[in-house]
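A.B. asks: Using the sequences plus the hints, can you model the full thing?
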Amino acid sequence: DAMVIQNPRYQVTQFGKPVTLSCSQTLNHNVMYWYQQKSSQAPKLLFHYYDKDFNNEADTPDNFQSRRPNTSFCFLDIRSPGLGDAAMYLCATSSGQIRTDTQYFGPGTRLTVL
Amino acid sequence: QKEVEQDPGPLSVPEGAIVSLNCTYSNSAFQYFMWYRQYSRKGPELLMYTYSSGNKEDGRFTAQVDKSSKYISLFIRDSQPSDSATYLCAMITAGAGSYQLTFGKGTKLSVIP
Chain B
1 DAMVIQNPRY QVTQFGKPVT LSCSQTLNHN VMYWYQQKSS QAPKLLFHYY DKDFNNEADT
61 PDNFQSRRPN TSFCFLDIRS PGLGDAAMYL CATSSGQIRT DTQYFGPGTR LTVL
Chain S
1 QKEVEQDPGP LSVPEGAIVS LNCTYSNSAF QYFMWYRQYS RKGPELLMYT YSSGNKEDGR
61 FTAQVDKSSK YISLFIRDSQ PSDSATYLCA MITAGAGSYQ LTFGKGTKLS VIP
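If you read the protein sequences in the order shown, they are chains B and S.
Residues in the first sequence are numbered from 1 upward in steps of one, following our numbering.
Residues in the second sequence are numbered from 1 upward in steps of one, following our numbering.
Just so you know, these hints were derived from the structure itself, not from any lab.
There could be a bad hint or two in this list.
[Unchecked claim] Cut-off 27 Å, straight-line C-alpha distance, at most; resulting in silico cross-link-like pairs (DSSO-like, lysine-lysine): (1) B:K44 / B:K17; (2) B:K17 / B:K38; (3) S:K56 / S:K105; (4) B:K52 / S:K56; (5) S:K108 / S:K2; (6) B:K52 / S:K108; (7) S:K56 / S:K70; (8) S:K56 / B:K38; (9) S:K56 / S:K42; (10) S:K105 / S:K42; (11) S:K105 / S:K70; (12) S:K105 / B:K44; (13) S:K42 / B:K44; (14) S:K70 / S:K2; (15) S:K67 / S:K105; (16) B:K44 / S:K70; (17) S:K67 / B:K17; (18) S:K108 / S:K56; (19) S:K2 / B:K44; (20) S:K56 / S:K67; (21) B:K38 / S:K108; (22) S:K42 / S:K2; (23) S:K108 / S:K42; (24) S:K2 / S:K105; (25) S:K70 / S:K108; (26) S:K2 / S:K67; (27) B:K38 / S:K42; (28) S:K67 / S:K42; (29) S:K67 / B:K52.
Remember, predicted model here, so these are calculated numbers, not experimental data.
C.D. replies: Structure (structure tokens):
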């Protein structure tokens, strides 16, 4: 009964070669988030969608893009991965109702850049 | 000064001990508080969610919030080796449209059999 699914779980790419990570959810949540988490660090929010409204964090590099074609799916595109982009990428969802809101995380995709 | 401060540890305790994990915060607008558990190479998993000062208990876990001191805690009773993980505190502001979590850095806990 997985609720937030991320594919692939492990991704290896070459320096500069575009890569796409995918996330899907069965919760029908309005909000989907992408985080980057490096070793021993807190997750860092890259951007989020409230329905189709895209919200980019000010310090998210232009190299990172996202698409949300429908409620269930959200993609993270890294146009030209650098060695510094190697990290765990976490997708999360929430209902958007603030008093009962919490974020549900997927298992993550671990990205290696060679 | 970071908005949320959390001692990264590592923290090692013997099995059966009571564990206390803490976070402090500086932003008075934080009104909703969460604790996540993250096993190695896995996504964070929600443990506790509170929005009022006081204690909230769930099995062996107790979350405590003191808004006057801007201090939150997670207590784990009768700790087990399976509790070995990184524990992240997280907070949300109360403003409309604020859906963003601010995380602490996480405390790595090891429970030794």
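A.B. asks: Next step is simple, just say for each hint if it's right about the structure.
C.D. replies: Verification of the hints:
no.	hint	result
1	B:K44 / B:K17	23 Å, holds
2	B:K17 / B:K38	20 Å, holds
3	S:K56 / S:K105	22 Å, holds
4	B:K52 / S:K56	35 Å, violated
5	S:K108 / S:K2	19 Å, holds
6	B:K52 / S:K108	36 Å, violated
7	S:K56 / S:K70	17 Å, holds
8	S:K56 / B:K38	31 Å, violated
9	S:K56 / S:K42	26 Å, holds
10	S:K105 / S:K42	16 Å, holds
11	S:K105 / S:K70	17 Å, holds
12	S:K105 / B:K44	10 Å, holds
13	S:K42 / B:K44	15 Å, holds
14	S:K70 / S:K2	13 Å, holds
15	S:K67 / S:K105	20 Å, holds
16	B:K44 / S:K70	22 Å, holds
17	S:K67 / B:K17	47 Å, violated
18	S:K108 / S:K56	22 Å, holds
19	S:K2 / B:K44	13 Å, holds
20	S:K56 / S:K67	14 Å, holds
21	B:K38 / S:K108	14 Å, holds
22	S:K42 / S:K2	25 Å, holds
23	S:K108 / S:K42	14 Å, holds
24	S:K2 / S:K105	10 Å, holds
25	S:K70 / S:K108	22 Å, holds
26	S:K2 / S:K67	17 Å, holds
27	B:K38 / S:K42	12 Å, holds
28	S:K67 / S:K42	31 Å, violated
29	S:K67 / B:K52	35 Å, violated
In this structure, the hints that do not hold are numbers 4, 6, 8, 17, 28, 29, in rising order.
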